[in-house]
Amino acid sequence: MKKVFFVLASALVLGTASAAAQAVITFKKTTHNFGKFAEDKEQAYEFVYTNTGDKPLVIEQTVASCGCTVPTYTQEPVAPGKTGKIKVVYNGRGKFPGHFQKSISVRSNASNSLERIYIEGDMTAAPKEGDKK
Numbered sequence: 001m002k003k004v005f006f007v008l009a010s011a012l013v014l015g016t017a018s019a020a021a022q023a024v025i026t027f028k029k030t031t032h033n034f035g036k037f038a039e040d041k042e043q044a045y046e047f048v049y050t051n052t053g054d055k056p057l058v059i060e061q062t063v064a065s066c067g068c069t070v071p072t073y074t075q076e077p078v079a080p081g082k083t084g085k086i087k088v089v090y091n092g093r094g095k096f097p098g099h100f101q102k103s104i105s106v107r108s109n110a111s112n113s114l115e116r117i118y119i120e121g122d123m124t125a126a127p128k129e130g131d132k133k
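The numbering of the sequence shown is the numbering used here, which starts it at 1 and goes up by one.
There are no misleading hints in this set.
Computed cross-link-like contacts, DSSO-like style, restricted to lysine-lysine with a CA-CA straight-line distance of at most 30 Å:
#1 LYS55 with LYS87
#2 LYS87 with LYS102
#3 LYS55 with LYS29
#4 LYS29 with LYS87
#5 LYS85 with LYS36
Quick caveat, the hints were computed from the structure, so don't treat them as lab data.
As the structure is a prediction and not an experimental result, all values here were calculated from the model.
Build out the structure end to end from the sequences listed, making use of the hints.
This is how it looks when you write it as structure tokens:
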């Protein structure tokens, strides 16, 4: 009986120890404001994140809330203590002028496996051909 208890207790401790070792994604900044810009000017920003965990971090997927927002990300695993980037490009051409906020869902193998980052700004209508001086 003591032997069975010892084996079960050992398995529990080892299982807990291995589960504790995980990647953790920590963004330097989770929201970027582009400010005021014309709709004919594409906007881009790179979100920087750090793996603050103790296992390699792998971004599995990024999903934007709108087709006008395109995220690309570091494909290679990010070692503990190292950084990666998610570049977000916003193209508002043909969209309604005014204030906007878009979200990008970031899925990874981290303990915080779903994080959201945001872009926002104030887009003005592009000048019409006849308006250019």
